[in-house]
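Following the hints, put chain B in place on chain A, whose structure we already have.
2 protein chains.
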Amino acid sequence: MRDALVAAAFRLFLERGYEQTTVDDIVALAGVGRRSFFRYFPSKEDVVFPDHERCLADMTAFLTASGKDHEPVRRVCDAARLVLLMYAENPSFSVQRYRLTKQVPGLRAYELSVVWRYERALAEYLRGRFAGRPDGNLRADVIAAAVVAAHNNALRSWLRSDGRGDASATVDHALGYVQSAFGASPAVPETTAPTAPAPPADEQPEDVVVVVSRRGAPLWRVVQEIETTLGQGRPSPQ
Amino acid sequence: MRDALVAAAFRLFLERGYEQTTVDDIVALAGVGRRSFFRYFPSKEDVVFPDHERCLADMTAFLTASGKDHEPVRRVCDAARLVLLMYAENPSFSVQRYRLTKQVPGLRAYELSVVWRYERALAEYLRGRFAGRPDGNLRADVIAAAVVAAHNNALRSWLRSDGRGDASATVDHALGYVQSAFGASPAVPETTAPTAPAPPADEQPEDVVVVVSRRGAPLWRVVQEIETTLGQGRPSPQ
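Chains as they are written, first to last, in my numbering: chain A, 89 to 326; chain B, 89 to 326.
Accuracy of the hints is not assured; some may be wrong.
No copy labels: a pair is met if it fits in one copy or bridges any two.
Dumping the calculated SDA-like pairs for lysine to any residue here, alpha-carbon to alpha-carbon at most 25 Å [claimed, not checked]:
#: 1; residue 1: 190; residue 2: 92
#: 2; residue 1: 190; residue 2: 225
#: 3; residue 1: 156; residue 2: 253
#: 4; residue 1: 132; residue 2: 102
#: 5; residue 1: 190; residue 2: 180
#: 6; residue 1: 190; residue 2: 148
#: 7; residue 1: 190; residue 2: 223
#: 8; residue 1: 132; residue 2: 157
I should point out that these hints are in silico values taken from the structure, not numbers from a laboratory.
Bound conformation, chain A alone (with noise of 0.2 Å):
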């Protein structure tokens, strides 16, 4: 009953538009009472997005099952990858969607509350891992945002596209991107935890040091430069 609705809904959408269809018609296409169609959906927006309240409590749950061995950001951005399998396990659906919300403001002010649920979502999480730490906060919210706006970049390409094209690896792409950034920060030395994408199960995990020079340094600064930092990282012999 809830797939009928949501596909009268969108008949009716498609055909007359989102503005002139009621919550009647929409009823009386699919054949069922008002009560019904409040029973699953709070308003007529939500049929528009029958799907984010089930992703957003999968969501939740993954960041929930969370260990202290996964990389925060990482992390956050695998929980960002399900709402991509979301999406593209109906690309027709998706596209037509996409469509109609950037046609009716109403919806897209909706959406954007949605995606606000979904930061939020990320950042707590990450709020939570980076509790104690300097910027703690600050860097959760900052992360959140940077990977809530690569996913969508990635997503709204891939409808653009009509759907076509490889969805997950262009979100991959760009969650990427977000990782290089963040997972080594300079501002935020990681200390206890690495945050540089964890390596291949056959690589042993390295320390990976970074120097940072002024190209008219002399040379021999920088090589003193490296030896100090990397005698600094050996055990000590006492």
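This is chain B only, laid out in the frame that chain A set:
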């Protein structure tokens, strides 16, 4: 008259609640007609955010007036500071509105749409600056979202402190984090313009070389890599 309408509206919102206040109540208290209200504000929601349109226009003008020599990430951070200035102009009004917005879902939705417009203004500017570069649009969207998230994290913490404390310093710190993350991103090396924050006026701008090495690498390999990198960047004799 515009200020009188805002003052009357906020007095009633605080006394009776936002939902319980009508436009008729507001114009009655301000001593003007309904048409005067709608000359200034398209809806009751708009009176809650009377300065955002002006601020959006200021931000767009600021970005349009940018030159090629403005470092783009720094420039969008400076543009975001215009929003802070608007809030800091009238701390008690900003704090009242913050509390009101938290309580009224309709205002939260309105605020999200305003934030989205700021984010798009920043992203459009960055898309122009990054045009033709690999992942230009992706970078633009992600950096705009990160700047907005950092700004809003700082703004909210200032509003939660009832507008006490140094709002500018808080926002500068938050935006500094974004600049450090994206000013010299290892994923997308800058070749045509520096993204690192501009050096102080009394320093010569210099390229920065970043060498990433596994800790296990022999030192000679690291030195060789530095020499190669430095050599590539130097002017060729021919």
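Evaluated hints:
In this assembly of identical chains, residue 190 and residue 92 lie within 25 Å of each other by CA distance solely inside one copy; the values are 24 Å within and 37 Å between copies. With identical chains, the CA atoms of residue 190 and residue 225 are at most 25 Å apart between copies only, with a shortest distance of 19 Å across copies and 33 Å within one. Proximity of residue 156 and residue 253 under a CA criterion of 25 Å is satisfied in neither setting, with 35 Å inside one chain copy and 35 Å between copies. Only within a single protomer do residue 132 and residue 102 lie at most 25 Å apart by alpha-carbon distance; the minimum there is 14 Å, versus 32 Å between protomers.
For the homomeric pair residue 190 and residue 180, the shortest alpha-carbon distance inside one copy (16 Å) is at most 25 Å, but the shortest distance between copies (37 Å) is not. Taking the closest pair of Cα atoms, residue 190 and residue 148 come within 25 Å of each other only across two copies (23 Å); inside a single copy the shortest separation is 28 Å, beyond that limit. With identical chains, the CA atoms of residue 190 and residue 223 are at most 25 Å apart between copies only, with a shortest distance of 24 Å across copies and 36 Å within one. In this assembly of identical chains, the alpha carbons of residue 132 and residue 157 never lie at most 25 Å apart, being 42 Å within a copy and 49 Å across copies at closest.
Comparing the model with each earlier hint shows violations of hints 3, 8; every other hint is respected.
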